[in-house]
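**Q** Chains as they are written, first to last, in our numbering: chain A, 1 to 418; chain B, 1 to 418.
Check before you lean on any hint, since a few could be wrong.
[Unchecked claim] Covered stretches of chain B, going by a simulated chain A footprint (3 or more residues, C-beta under 8 Å):
hint, stretch
1, 165-172
2, 182-193
3, 266-278
4, 351-360
[As the list claims (entries may be wrong)] Quick list of in silico lysine-lysine cross-link-like pairs, DSSO-like style, CA-CA up to 27 Å:
hint, chain 1, residue 1, chain 2, residue 2
5, A, K320, B, K189
6, A, K403, B, K399
7, A, K403, B, K343
8, B, K224, A, K343
9, B, K403, A, K403
10, A, K294, A, K189
11, A, K224, B, K224
12, B, K344, A, K189
13, B, K189, A, K399
14, A, K344, B, K403
Everything labelled a hint here was simulated from the structure, so no lab data went into it. We treat Cβ as the ideally placed atom computed from N, Cα and C, and that holds for glycine.
Number of protein chains: 2
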Amino acid sequence: MAFSEFRSLDEKSLIEYIKAEPALSSKLGSNLDDIKIKEVGDGNLNFVYIVVALGGSFVIKQALPYIRCIGESWPMTKERAYFEALALREHGRFSPEHVPEVYHFDRTMSLIGMRYLEPPHIILRKGLIAGTEYPLLTEHISEYMARTLYFTSLLYRSTTEHKRAVAEFCGNVELCRLTEQVVFSDPYKVSQYNRCTSPYLDRDAEAVREDNVLKLEVAELKSKFCERSQALIHGDLHTGSVMVTHESTQVIDPEFAFYGPMGFDIGAFLGNLILAFFAQDGHANQVNDRKTYKEWILRTIEETWNLFHKKLIALWDEHKDGSGEAYLPAIYNNPELQRLVQKKFMEDLFHDTLGFGAAKMIRRIVGVAHVEDFESITDASKRAECERRALEMAKLLLKERRKFQAITEVVLAIRKLQ
Amino acid sequence: MAFSEFRSLDEKSLIEYIKAEPALSSKLGSNLDDIKIKEVGDGNLNFVYIVVALGGSFVIKQALPYIRCIGESWPMTKERAYFEALALREHGRFSPEHVPEVYHFDRTMSLIGMRYLEPPHIILRKGLIAGTEYPLLTEHISEYMARTLYFTSLLYRSTTEHKRAVAEFCGNVELCRLTEQVVFSDPYKVSQYNRCTSPYLDRDAEAVREDNVLKLEVAELKSKFCERSQALIHGDLHTGSVMVTHESTQVIDPEFAFYGPMGFDIGAFLGNLILAFFAQDGHANQVNDRKTYKEWILRTIEETWNLFHKKLIALWDEHKDGSGEAYLPAIYNNPELQRLVQKKFMEDLFHDTLGFGAAKMIRRIVGVAHVEDFESITDASKRAECERRALEMAKLLLKERRKFQAITEVVLAIRKLQ
Chain A
1 MAFSEFRSLD EKSLIEYIKA EPALSSKLGS NLDDIKIKEV GDGNLNFVYI
51 VVALGGSFVI KQALPYIRCI GESWPMTKER AYFEALALRE HGRFSPEHVP
101 EVYHFDRTMS LIGMRYLEPP HIILRKGLIA GTEYPLLTEH ISEYMARTLY
151 FTSLLYRSTT EHKRAVAEFC GNVELCRLTE QVVFSDPYKV SQYNRCTSPY
201 LDRDAEAVRE DNVLKLEVAE LKSKFCERSQ ALIHGDLHTG SVMVTHESTQ
251 VIDPEFAFYG PMGFDIGAFL GNLILAFFAQ DGHANQVNDR KTYKEWILRT
301 IEETWNLFHK KLIALWDEHK DGSGEAYLPA IYNNPELQRL VQKKFMEDLF
351 HDTLGFGAAK MIRRIVGVAH VEDFESITDA SKRAECERRA LEMAKLLLKE
401 RRKFQAITEV VLAIRKLQ
Chain B
1 MAFSEFRSLD EKSLIEYIKA EPALSSKLGS NLDDIKIKEV GDGNLNFVYI
51 VVALGGSFVI KQALPYIRCI GESWPMTKER AYFEALALRE HGRFSPEHVP
101 EVYHFDRTMS LIGMRYLEPP HIILRKGLIA GTEYPLLTEH ISEYMARTLY
151 FTSLLYRSTT EHKRAVAEFC GNVELCRLTE QVVFSDPYKV SQYNRCTSPY
201 LDRDAEAVRE DNVLKLEVAE LKSKFCERSQ ALIHGDLHTG SVMVTHESTQ
251 VIDPEFAFYG PMGFDIGAFL GNLILAFFAQ DGHANQVNDR KTYKEWILRT
301 IEETWNLFHK KLIALWDEHK DGSGEAYLPA IYNNPELQRL VQKKFMEDLF
351 HDTLGFGAAK MIRRIVGVAH VEDFESITDA SKRAECERRA LEMAKLLLKE
401 RRKFQAITEV VLAIRKLQ
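Please build the complete structure, drawing on both the sequences and the hints.
**A** Spelled out as structure tokens, the structure:
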């Protein structure tokens, strides 16, 4: 029973759907009488069901035509599921170990069937709040970012492939607009959706809205976000879009994917690590002062960038005589020049990364969607203190990003501000 | 008689085509027995026919599936006519006084019928070679550039409109690739298509290919060209794409149009004026030393930028509370900030303009397609001298463009180099 038009599923109709869809039912083994379904969507946008039977499991994610956490008053195209499936498959081609496999996609139903990331996988953000170290995280996430960004950029691709893909993802415009609004616009103006830890941060939020230099810088970043099709980016790569165990790192939820600036992904990840760092003082108690863990987060920030840098350059060197059209081998034909172009490219990307990372931090403190890292600090005045330091750090990064030459200097600035 | 599939027309079959096409035949009046047709395509790519009858006239432009000046050995999609017609109509909406009206477009036939720019309209480049001053040129061309670029950018448009248009023009990828090759690649490597005034400039061409800093800078510009969808640009706005009289300025041939960086258009125009300047010494003789004319060209360079700057800012101010999504009025809400963002925007655009202008100059001296300004200097050693000064100017602009703060400084540098 395939549905000829969209309907939102519940647990009962989902079972019927699965039984009628061989790509899904075949994943569950021969006995379909004992299917267990659990709705677990804790995100802002979609319904997510875990489906388990004796012979196997998967996850079903269905997009509804509005934003779940706000309700039907904020409509949002369910076509985002199409772009999510496309991005999962595309990123999965390049980084299969860190992207869940897609088993099934139904465009009419805006429904994706994909690998269930079984326990002990948890959302990285929850692990960071709990104070858990993940020894392979930097290795994995840098691998994911380097490979997905490199292979979808003109460093690897021909212009023909690139423009075809750019055109297709232009269709994901509604999700791009949502980012433009909540990241680059709302925090810098009065908006009904903004909130902050009031009254403690009221003046800080106002200061953001009155900071001409900040607003000048955020305009430059917004224009890069809207105009620069550098690579197929995840588009929402915060620590809530990563699931982890000690051995595994899986990137989920790329429904905001489109061809945009690489730094937006790297910045999202690093910026959310910095938020996690500044939230630690709010989670400290007499049993655990979180000092060691804060050091681990700082090392994670540093290593993520350094490993990303190393892996991107390694891919570039490996394929430098390939089909990528940005730097033709006949032109960039001597080792000194190769070093020069790579240095310039990485410097620009580093500054983009810091800028976008900072913008993503700011919006989590004075914009609509906050992060559990801070929200879980129940003492509002303590929470505000943590948030204020993170906000100061973000403002510094956004305004002075071009002065930072290395990630160690960023870590040093974080230490100074704590 | 509409053709159901593509065929290249000659003067005879074109008459049959016109008679069968009311949108065209109606332009010629009631008497179709006296149609006169003349093939005048002197460009590199297409066939162009002037069609005149007693009651009216028009021009027919047909794209063939290869590059005319090279022949069938260099295939080129005839779909470029579709993007040319689209750009003529889009730019014509915003600057109708400087874009010829399209009467008819036939996608199957890759054929455009449009206004005939009657004598004394001539190609601007020929006027510059002849030493003719055009008193309204700067006013007109700055108006054309400011309006077409402003109204197709996010300064005026919503993201939704913008991404839809960007996606459509991604289809013009073959023409973009041609630019990438002949502007950003071939001049910087050994290529069978390159030529220069040999043997005089052999060493200069070699020096371009061995200049690491130049190649580093050109890579940045190429990446902007490939990745930054800032506005619907003409894509080939040199002085051969402009027809002029003393009263009229008309921009033709936007078959390279796509969403790219604004500076590529402005730079193409200014860069070709600088080429025209350095060619003047080759046209000087005992009757006319061209000194006065060189001053006119320098004034034209200066005024074009200054008027463009003024007009773009005026449009921005006029529509600042409109639907453009780059700078929301609720955020950019005070005059000081408005001045700051405009200053930064125009500075970046100025540096882009100088960079792209320089790249367009270099490719005309050591790349495949040269300009009549120099080619018409018959004494090869004299021509080489003029070209060498232009090449030095271009290299300076490309490498040092960020040091120039105003167009007067560029004019000063040109004076110094002559």
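**Q** Would you pick out the hints that fail for this structure and give their numbers low to high?
**A** 3, 4, 10 and 13
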